[in-house]
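Given only the sequences and the hints, what does the whole structure look like? Please build it.
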Amino acid sequence: MTHAFYSDAAEKIRTELTPGERAAVETVRRSLEDDPEQGRGLPDADPRSESYVVELLPEQTGGRGISVVYRYSQDLDAVLILWLIAGP
19 MTHAFYSDAA
29 EKIRTELTPG
39 ERAAVETVRR
49 SLEDDPEQGR
59 GLPDADPRSE
69 SYVVELLPEQ
79 TGGRGISVVY
89 RYSQDLDAVL
99 ILWLIAGP
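Per the working numbering, the sequence shown starts with residue 19, numbered consecutively.
Hints should not be assumed to be uniformly reliable.
[Stated by the list, open to error] Calculated pairs, SDA-like style, for lysine to any residue (alpha carbon to alpha carbon, straight line, at most 20 Å):
| no. | residue 1 | residue 2 |
| --- | --- | --- |
| 1 | K30 | E73 |
| 2 | K30 | L100 |
| 3 | K30 | R82 |
| 4 | K30 | V71 |
Worth flagging that the hints you see were computed from the coordinates, not collected in a lab. For clarity, every value in this text was computed on a predicted model and none was experimentally measured.
Below, the structure is given as structure tokens:
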């Protein structure tokens with residue numbers, strides 16, 4: 019099983035989300051432990067990792083749309099959630 023963690027920046031943003039938005043983001047974090055390559059691929063400068071984004075619609079969060087941007091390292095078998103970007 020892959021481990022998924024929040025970066026300090028993502029953790030700070032997470033505390034500012036509504037309870038429904040936090041629950042939706044936590045659901046994504048847990049699902050990344052089972053399938054770390056489920057997001058849409060993003061350009062990545064590091065050849066040892068891959069960057070992805072999972073986009074949550076307002077219907078899924080009970081609030082704003084949220085993009086969960088993360089990096090996956092196969093060598094470490096770990097996911098680092100870098101950013102949580104909440105829309106209007």
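How the hints compare with the structure:
| no. | hint | in the structure |
| --- | --- | --- |
| 1 | K30 / E73 | holds, 19 Å |
| 2 | K30 / L100 | holds, 11 Å |
| 3 | K30 / R82 | holds, 17 Å |
| 4 | K30 / V71 | holds, 18 Å |
Checked against the numbered hints given earlier, this structure breaks none of them.
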